[in-house]
Each structure stands twice: as structure tokens, then as C-alpha cells.
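Enquirer: Residue numbers (our numbering), protein chains in the order written: chain R, 1 to 342; chain S, 1 to 506.
Treat the hints as calculated values from the structure; they're not laboratory data. Hints may contain errors.
To be verified - A few chain S positions that, by computed beta-carbon distances, are all more than 12 Å from chain R:
(1) Asp122
(2) Val296
(3) Ala323
(4) Ala363
What the hints assert, rightly or not - Some, not all, of what chain S presents toward chain R, calculated at C-beta under 7 Å:
(5) Thr81
(6) Gly88
(7) Thr97
(8) Phe99
(9) Leu102
(10) Gly119
(11) Ile121
(12) Lys124
(13) Leu125
Here a beta-carbon is modelled for each residue, glycine too, at the ideal position from N, C-alpha and C.
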Amino acid sequence: MSAVATETTGSRVTSALGSFVKARETGILLALVLIVVVTTAKNPNFLFSNDGFRDLLLTPSILLLVAVGQAIVIITRNVDLSVGSTLGLTAYLTGRLFIDVPGIPIIVVFVAGVVFGGFLGLINGALVAFARVPALVITLGTLYAYRGINVLWTGSDRINASDMPKPFLALGTQSILFIPVLTIIAVVVLIAAGWYMRNQRGGRELYAIGSDPDAANLYGLNVTRRVLVAFVVCGALAGLAGVLYAARYGTVNSQAGSGFELEAVGAAVIGGVAIFGGSGTVWGAAIGAYLLFTINRALPILGVQDFWQRAVVGVLIIGAIVLDRLLAQRQSRKLVEARDPE
Amino acid sequence: MTTTATTPDAPALELRTISKAFGAVVALSSASLTLRRGSIHALVGENGAGKSTIVKIIAGLYQRDTGDFDLDGESVNFTSTAQSKAAGIAVIYQEPTLFPDLSVTENIFMGRQPTLSLGRIDRKLMRSQALGLFARLGVRIDPDRPTQGLSIADQQIIEIAKAISLDATVLVMDEPTAALSGVEVDRLFAVARSLRDEGRALLFISHRFDEVFDLCDTVTVMRDGEYIDTSPIADTTVDEIVRRMVGRDVTTLFPKQDAVIGDEVLQVSGLTEAGVFHDVSFGVRSGEIVALAGLVGAGRSEIARAIFGVDPYSSGTVSIGGARVPKRNPAAAMRLGLALVPEDRRKQGLVLESSVARNTTMAIRRSLTRFGLLFSPAENRAAREWASRLEVKSAALDTEVGTLSGGNQQKVVLAKWLATNPRVLIVDEPTRGIDVGTKAEVHRLLSRLAGQGMAILMISSELPEVLGMADRVLVVREGRITAEIDRADATAESVMFAATHQEVVA
Chain R
1 MSAVATETTG SRVTSALGSF VKARETGILL ALVLIVVVTT AKNPNFLFSN
51 DGFRDLLLTP SILLLVAVGQ AIVIITRNVD LSVGSTLGLT AYLTGRLFID
101 VPGIPIIVVF VAGVVFGGFL GLINGALVAF ARVPALVITL GTLYAYRGIN
151 VLWTGSDRIN ASDMPKPFLA LGTQSILFIP VLTIIAVVVL IAAGWYMRNQ
201 RGGRELYAIG SDPDAANLYG LNVTRRVLVA FVVCGALAGL AGVLYAARYG
251 TVNSQAGSGF ELEAVGAAVI GGVAIFGGSG TVWGAAIGAY LLFTINRALP
301 ILGVQDFWQR AVVGVLIIGA IVLDRLLAQR QSRKLVEARD PE
Chain S
1 MTTTATTPDA PALELRTISK AFGAVVALSS ASLTLRRGSI HALVGENGAG
51 KSTIVKIIAG LYQRDTGDFD LDGESVNFTS TAQSKAAGIA VIYQEPTLFP
101 DLSVTENIFM GRQPTLSLGR IDRKLMRSQA LGLFARLGVR IDPDRPTQGL
151 SIADQQIIEI AKAISLDATV LVMDEPTAAL SGVEVDRLFA VARSLRDEGR
201 ALLFISHRFD EVFDLCDTVT VMRDGEYIDT SPIADTTVDE IVRRMVGRDV
251 TTLFPKQDAV IGDEVLQVSG LTEAGVFHDV SFGVRSGEIV ALAGLVGAGR
301 SEIARAIFGV DPYSSGTVSI GGARVPKRNP AAAMRLGLAL VPEDRRKQGL
351 VLESSVARNT TMAIRRSLTR FGLLFSPAEN RAAREWASRL EVKSAALDTE
401 VGTLSGGNQQ KVVLAKWLAT NPRVLIVDEP TRGIDVGTKA EVHRLLSRLA
451 GQGMAILMIS SELPEVLGMA DRVLVVREGR ITAEIDRADA TAESVMFAAT
501 HQEVVA
């Protein structure tokens, strides 16, 4: 093969790939916009009423935080199924702190939630990194274990809005310049995570580890530590989401956050994060989170029956994976044929 | 002359009487190697002599069991690849180890990207450095494309760029030229010489003697995990090196008895799969052993797998005794009398956790069943017969296969396939990683099978094995058969030449 041929086919493929990656995220963003537009056309209140606009931004914000953490873990070719349980535990912890420590500063509660979530993530990460058991199995175990602890701790008890201070609850509903506070927090986290994953060595190494763990070892990357950190971050974000969950909904029982793990994985996958790691962005996962929740709210307005709503989400997830697979296959076939002499 | 630590004369890297065992398998028994600055040192030996194990010990991937490992006169104990890297050792492995999803530039600088304030990666600088490295290497690779889909040669170049950017004092290249064309090899050698002139120590592992003599100044020979000899290239010859490598008389070790060559049993014509192999046509007669020779990665195993129906092919035909073997249908291939003993017996040939009996009868399950049920006595009876015929040395039939030695494992795989009573037997690297005694047994067995009229297609990377066993040698280079050499004309040189040179016409 001549060097010149390498260059031209190379750059063509790269530019095609570059636009494809962009298309992957712009694609779902367009889908999101389309749903909002169509639904608004049918019922203008969906967007243009005060509550409509707020709900559109507010509802997916908590899932966004969890999905960003999940995306970081999936990029390393792992998965964290315990995030829903982590969210539940920290949400209950939040309520308990307000009840048991009267007058506790709100910021301390936030820190406690994040640290506790990070600690639960550390347990996951340590088990995955040192026991060398697949993350799927470990976090399936901790999903039940954390929830079990939650049930044991909560019992039939329930945190009510009246147990928590007004300024804290206001965080869950208030807006600054029409943008809900919750959404601002989520977007700040998203920007920080997106920046880290793109511009820091640590972030790039997470991609490298997910792309080929064996090669990462040969490169001398500290795979164990990086994976551990990914799980801690994922847990900490689920912890933050737990605190915000308490603020947003006001009531927390022992089942808070059940099923969030699957929504988070779904959001990441729909957003183009490859389930086998190495590619995708937290931005995609964030848009995926918005798409998931917005569809759920739009379908009833569009007159789709309850039963079909979950099925639509399922189709979306399978469609996203099949699309990725097809595109990847076509891509690799093209790349191979490009270098083949015949 | 005495050399003390950190004098300029101290070798850049020195290994003394290193040993390393994996369970019962001894990879290195007593290996020694001394690399000096400003020198390109060749390490040669047959497949399985322990060269790759040495590389992995130098890289910090394996830890030695016994022996000394000095770097610049100081004893070192690497427990990770990061440590050896930090000590100035760069290793280019046989198989490129890149991240397929990441860009070429990121692959070169992963883990040590240039950064701006706040630890932000300086992408511009990184990219221009990558371009600088490629300019120095005289290649043009798009630094922004993902490495997925790059040719092996280009991937190898990226590995080299990576090693250069590390500014390593010791550079180890484990068969870097195996997949490169002539021009690419010249380019690589020019770079290697300039690195040598900068005072670095290079270790070059290769099976191609012309390259060793062209590039290196010193050569160390290894055999069966042991150090044999080190000598300046100028004072030695290819013949001498080969004699030291083999250490025994080639012809007596691999005896193929003459057999009656009958009709053509296996016919392969025009087999093609884009990017893997092209227009592969040949036949194998009954009583004949045909060897597929060539370098690792030339596409030999892929051809075998396609014939057996494990891998797809886009055009061409395979038939046995005139009957077409359908594509992608190993079960049908087996019914037609085809058997494939795969390359990687631990992963593809055996169920390691299962017993010798289970493994031996794996391929004939169906014929052993009564009313659709499989009873142990029937299984054991069949297994016992084959185990004794092949002299499998195991305590009992219910011994886990994983606990057997490599040679005995290979016998179990052979027994499994011979139990199907095949007309055509394809064996892929039949003696890789097994001891010399068992090797001879396997060769005797193959020879006997041919004598009984079986058609045998043997893939082997060991030249002496190819030359000793085969009635005919087909040389595969980059997915094409580049030469067909009769037993009488086959020599190490003719086979190696066809395996490495483009311009040979069959």
C-alpha cells in the first residue's frame, strides 16, 4: 500500500467518521426536538404553559445526573446496576439528617449525600477491580444489597415534605430566570464531566480502558485505579441525585429510585454510549435521558395508550443498539476493503 | 575486563540465568541476555524457544521466578508495565496493542499527553508531535482517524512512533517485520539504525535471517527456554545459527514414511474472502501430507477455518471426493469426513474443565447415544480405546483435561477428531508448545495416518516440521499461495524466501 493512498482513504474515513459521531448525538437531539414540536403542535401547553416548560427541563434532570455517572462507567466497559438503590439510600439519608439533626445546613446534607453515594460506589468499584468479577454480577448483587439495607433502615417509615426545611424543598421546584435550579445543577455537572472526559488524561484513559483493557495494561495505564474512580464518581452522582430526589418529590419511602438503574443504562445507550465501552459521550447520555422522559410525557398527549409507552422505550433502546451495530459493521467492512488490494 | 555498576561499560540491560514457569510448563529454564548501548542485538530461536517470554519479563508483564535482571548495572524488579516504561524500556509486541476506538494521535500519547493549565490536554501540540514522528519515520498516516481498520503495517508504525516518543533507552521489537512489506521494512531499519546511533540499545527478534544479518551486530540464540550462545554477527553464519537453534539433526526428528499416494480427496478452488485470503486453490491426495507454511498472520489458519466452515468466504468452492462442502456448516463438513484440529487447543480444541473421556468423545456424541441418551460406559469405552491408541498419559479417564500437559492435551484433541474417522484431517500447529518427545509421537502418528490413506493438511510455523513431514509445501504469504514446493526441492531457504518475498512466482 502506498503512503499516499493511506493518507487519502484515511482522512476520508476520518471525516466520515467524525460527522457520523456528530450525527449520532445530533440525531437524538433532533429526535428530541421533533417530539417536543409535534407534541406542542397537538397541545401547546406541553411547551408554552409555565408548568409545561418547567417540567420539560425539570423532570429528566435527576435521571441526567445518574445517566452521566452511568455513561462514565459504561465507557470503561463496566456497568453499575446499583445506582437506583444508591439513589434510594441517599434520598432517605437526606430526610433522616433533617429529622435527626435539626438545623443542619443544607450544604452539609448535600456533601453527606455525595460522600455516601461515593462510598457505595467505592464498594462496587473495589469488588469489580479486585475480585475480578464482571461488574454486571457485582452491581446486580449490590442493587439488592443496598435496597435491602434501605428497607431494613426505613421499614414502613416515610419521609414527608413536612420533615424537611422549606428552602431545601424550594431547590426542587424553584427556577432562576425560568430555568429550574435542579436543571442548572445537572447541567453544571454535565459540563464538568464532559470537559473532564474530553480534555483530561484521566478521562481519555477511561476511554482507552474500555476500548481494549488488555492493551491498557500493556500501556502501563493504572486500570484498577481508574475503574475504581469511575465507580466512585458514578456512586457520588447517584448520591447527589438522591439528595435532589428528596428535594424534588418531598416524600421518600424505601422504594425511592427503583428502576432508575435501567433508565440510566437506557439513556446512555440511546445516547450512543457503546455498551462494550470505548466510545460515546456523557453529552449523548444526557440527551438520552431527556429523550426517555420526554417521550414518556409526550406519548399520552399524542394519544398513545399506556401499554404502548413502555414498548416504545424498548423499541428505542433496541433500535439504538441495532443501529450502532449496523453502522459499526459497515464501517469496519469499509475500512478493511479500503486497504485490500483487490 | 571488569564491569562495575554505572560505569559507561555497564550493559544497558542484562538478564542472567532467568527462569520462568507457568504451572507445570517451563517457559524459560536458564535464559541470559546482555544488551549494550549503541547496538542492535538479535534474539533468535525456534517458535516456543522462550523469546516472547523474555520480552514480557523485560516489559514487566511477567515476573521472573529466579535469576538476575539488571538495568544500567542496577538490579530491578518490575511488577508492572508502567514501571518498565518509566525506566526507559519500550516494547513493540508481535501483535500491535492499540485502542481501536481512539485516534492515531491518542494511541501514541495515551497516558502521557502534553498538557496545558488545569491538566487540559494540548491537542494541537499532540497532533503536531504525532505528525513530527511520522515525518521522521517517513510515513503518512492521518493522525485523526481511529486505529480501527488500519493495516498491520500501519499499526506497527504507530507502535514504533509510540516507542520513539517515549525516548526509551532500551527498545525491544518482537518480530516487528512479520507483516511488513519490503519498503516498510527498509524504512523501519533506517529508523532502528538512527536510534542505535543515538546510543540506544535495541533488541530485535525475527525469524528472517537476512534481516538479522542486515541489521544487527550481535546475535543471541535460544533453544527450549535456555541460553545457547551469543556471538558477533560478523563471526557467524546462517548455518551456524540454525544449527544452534535446532540443536539436533533436522531430518531424523520428523520422519514421514513413504505412503501410497492415491486420488485427490480434498479440493479447494478459488477460495476468497476480502481482506483475509485470495484465490486459494489446491488439492490434497490420500496418503499425502501437505503443509501450509508461511509467517504467522499470513492467513493460513483462516483458510483452514474457512474450509471447515467455521469462517465465511465470499467465493470459491471446497469439495471432498467430489462432494461439495457447504459454506459455514462445520456439521456438514464433519459428515463428509473433514476434521480440524485447531491452533489453540485450550480455547478451541478442548473443554478444559471436562474429563478426558468427555473430551475424547465430544465429536462422536451422536453415534454413542442410545434412545437419545448418553451413558457413561459407552463414552468411556470409546474414550479408552482412543486414549490407549494415542498413548494419552493421564491417571484416569475422568481426569480434568486442563490438568494434563500440553502434549497430552494435544493427543486428546487428536483422539477426538480421529474418532470421527475422517478422510481429510486438517491440523493447525499440531506440535506447538509441546515437549520434544511427544512431538515425535505426534509426527509418527500423522505419518501412520497418512500411510493408512488419510489426506492430511498440516499448518505449521516450524520449518523443520514442515520440511520433515510434508510431501508438498504450499507457502502462504498475505493470504495468497505464493509457492508450491515438492518435498525434494523444499529447503528452509526456499520456503522462507517464498514466505517473505513478494516477487516469487509459484
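Enquirer: Could you tell me which of the numbered hints above are not met by this structure, giving the numbers in increasing order?
Expert: 1, 6, 12, 13
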